[in-house]
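Asker: Each chain is listed here by its residues.
2 protein chains.
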Amino acid sequence: MNDDAELQDLGPLAPGFAVILVDPQLGENIGMVARAMANCALGDLRLVRPRDGWPNPAAVGAAAGADKILNSAKIFQSTTEAISDLQTVFASTTRLRDMTQDVYSPREAVKRMRLDVAHGLKAGVLFGKESSGLNNDDVALGLGALTVSLNPKFTSLNLSHAVLVVGYEWLRLVDETPDVKLALPKDKWPAKMEDISGFFEHLERELDACGFLGIEEKRPIMVRNIRNIFQRARLTEQEVRTLRGIISGLTKK
Amino acid sequence: MNDDAELQDLGPLAPGFAVILVDPQLGENIGMVARAMANCALGDLRLVRPRDGWPNPAAVGAAAGADKILNSAKIFQSTTEAISDLQTVFASTTRLRDMTQDVYSPREAVKRMRLDVAHGLKAGVLFGKESSGLNNDDVALGLGALTVSLNPKFTSLNLSHAVLVVGYEWLRLVDETPDVKLALPKDKWPAKMEDISGFFEHLERELDACGFLGIEEKRPIMVRNIRNIFQRARLTEQEVRTLRGIISGLTKK
Chain F
639 MNDDAELQDL GPLAPGFAVI LVDPQLGENI GMVARAMANC ALGDLRLVRP RDGWPNPAAV
699 GAAAGADKIL NSAKIFQSTT EAISDLQTVF ASTTRLRDMT QDVYSPREAV KRMRLDVAHG
759 LKAGVLFGKE SSGLNNDDVA LGLGALTVSL NPKFTSLNLS HAVLVVGYEW LRLVDETPDV
819 KLALPKDKWP AKMEDISGFF EHLERELDAC GFLGIEEKRP IMVRNIRNIF QRARLTEQEV
879 RTLRGIISGL TKK
Chain C
639 MNDDAELQDL GPLAPGFAVI LVDPQLGENI GMVARAMANC ALGDLRLVRP RDGWPNPAAV
699 GAAAGADKIL NSAKIFQSTT EAISDLQTVF ASTTRLRDMT QDVYSPREAV KRMRLDVAHG
759 LKAGVLFGKE SSGLNNDDVA LGLGALTVSL NPKFTSLNLS HAVLVVGYEW LRLVDETPDV
819 KLALPKDKWP AKMEDISGFF EHLERELDAC GFLGIEEKRP IMVRNIRNIF QRARLTEQEV
879 RTLRGIISGL TKK
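These protein sequences, in sequence, are chains F and C. Residue 639 is where the first sequence starts when you use this note's numbering, and the numbers rise one by one after that. Residue 639 is where the second sequence starts when you use this note's numbering, and the numbers rise one by one after that.
The shape of chain F in the complex, shown without the other chains (with noise of 0.2 Å):
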C-alpha cells in the first residue's frame, strides 16, 4: 500500500453503494475490481475472509492506480458483519440454485439501489469467491439475487467482470451522454454551408472543365451523389480548405 496522500485522485464516489467480495481468492481480482469501481465512481470496498491477507501487493499492481480504494477497503469475518449497516442487499450470482428467489438484471438492481440510496439508505452487492459463487446462506442474506443474462453455454463471469457489469450499469443509470456525438478538437469548427457551398461549386467548376460531368442529363444526379459522400462526412472549416487544396493540387498544370 503507498502514502495516501501520494495517490492518484479519483474524483468524488457514489456514497451508499458498497462491493462486497465474500472469500475472495487472488489479489489481482481485487485490484482489477478496484480498477473497475474507480472506473465506476464507486469508492466503498468490503473484503469478507480474503484468502491471502490483506493488504495484498498483487490487488496494487491489477489495480492500475485506483489504490485510494484498496487502501480503504474494510475486512470482515463475516458477510453478516460485512452488510449490517446496509439496508438493500444483492446478491450477484450466475447459476440458478435449489433456492426460491427473486431473480433482478443488473439495471432493475442497480434502479432500486440508485432510488434506496436517493431517500438516504446504503446499499450493497455480495459477490462470491472466484471458484464457486456465493453459498447459499450468503444468497438468502439478499434481497434478491443479480445475475447477468449470458451465453447460457458459458455463463462464468471473472469476479472483476461481474463488479463492472454492475458498475456499469449504475453510472449508465444516470448518464446523459447521447449515443452518438461530433467531437472536435479545440481548434476545429463544423463548416458553415456557405464554405461547403464554395467547396461544391469548386468541385464541380473543374469537373465540368474536365469533362467528367459532361453527360447533360446525368449531371443533376451525379453533382447530388458527389454532394451527398461529402454531406455525410460533417466536414469541419479545415477539411474544407484541405479538400480545396486538394482540388486546386490535382488540376494544376
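A few of these clues could be false.
The list treats identical chains as interchangeable, and a pair is accepted whether it falls inside one copy or across any two copies.
Unchecked claim - Below are the DMTMM-like pairs computed for lysine to aspartate or glutamate, each with C-alpha atoms no more than 25 Å apart in a straight line:
1. Lys-760 - Asp-740
2. Lys-830 - Glu-842
3. Lys-826 - Asp-736
4. Lys-706 - Glu-768
5. Lys-767 - Glu-875
6. Lys-767 - Glu-719
7. Lys-706 - Glu-644
If you're looking for bench data, these hints aren't it; they were derived computationally from the structure.
Starting from the known structure of chain F, fit chain C onto it as the hints suggest.
Answerer: Quick look at chain C alone, frame taken from chain F:
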C-alpha cells in the same frame, strides 16, 4: 493450446462480429478477452502483432475454458489486414483525441453493428494495447470511435473490461430476460391464495387466542399489516407449510 475436440462447447457464437486486439501486450488479458467473448457469445477474435507471440500459455490460463476462441484466433501483421473483410468498424477509445470523430456510445455502436450484421455485413471493434490504446491511424480506420462514458477522473479500462462492455451491450440489445422474475426450484410452486388464506386464519386464530390482537379497534389494521408482510414474500406451498408448522410449534404446550 489443447486439442479442439476435448474443449468446452461454447454453443453458437455470433457470426459477423469481430473483436480485434491491436498490439495486445499481456497473454492474461487476451485470455480474459476470450472469456468475456464466450460470456457474450462472440467467437471471432483477431490479434494484430501480439507482443509475446502466439500461442501464449498465459492466455489459456486466463480464458477459464474459452479455449475454442483462442484456438480459432487469427493473427495479423497490420490492422488494415485484420479488418479487410469488414464493412462496419468502430475504434474503442477512452479519451478524446486531436481528431474530428463521431463518438458512439457502446449501445449505439452495437445497434449499428446488429443492424448491419442482420443485413449480411460483417462488423468489428478495434481495441488498442493496454498501455496506450489505439494510435490515431488505427482510430481513423473506423466509422467512428466507441467510447464508454466513465468516471472522468479514471477512464482507463482494463482491455478485457472494454471488450466485456461492448459484448454485454451486444447481448442486451436482444435480451428478453425480465427485469425481475421469481426463480423457483423444480419441485417448488407458488402457493395458491387458498393455502395462504388458510395460513393467515391459522395465525390470526392463535394471535386472538394469546391476546396479541386483543384491542378491538386496532385489530383490522394489525391483521392487514401482518398479512402484508407475508404477501410481499410471495410464499411457495412448501413455505406456507413451514410457517404453519412454526405456529403449531410455538403454540404447543
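Asker: Since the copies are identical, ignore which copy is meant and state whether Lys-830 and Glu-842 lie within 25 Å (CA to CA) inside a copy, between copies, both or neither.
Answerer: within (19 Å within a copy, 78 Å between copies)
Asker: If the cut is 25 Å between Cα atoms, do Lys-760 and Asp-740 qualify within a copy, between copies, both or neither?
Answerer: For Lys-760 and Asp-740, the Cα distance is within 25 Å only inside one copy (20 Å; across copies 38 Å).
Asker: For Lys-826 vs Asp-736, is the C-alpha pair at or below 25 Å within one copy, between two copies, both, or neither?
Answerer: For Lys-826 and Asp-736, only the inter-copy Cα distance (9 Å) is at most 25 Å; the intra-copy one is 60 Å.
Asker: Which holds for Lys-706 with Glu-768 at a C-alpha limit of 25 Å: within a copy, between copies, both or neither?
Answerer: both (23 Å within a copy, 21 Å between copies)
Asker: Please sort Lys-767 with Glu-875 into within, between, both or neither, judging by C-alpha distance up to 25 Å.
Answerer: Neither. Shortest intra-copy (55 Å) and inter-copy (32 Å) distances fail the 25 Å Cα cut-off.
Asker: Can you tell me if Lys-767 and Glu-719 fall within 25 Å by alpha carbon in one copy, between copies, both or neither?
Answerer: within (17 Å within a copy, 41 Å between copies)
Asker: Is it within a copy, between copies, both, or neither that the alpha carbon of Lys-706 lies no farther than 25 Å from that of Glu-644?
Answerer: Within one copy, since 10 Å is at most 25 Å while 44 Å is not.
Comparing the model with each earlier hint shows a violation of hint 5 alone; every other hint is respected.
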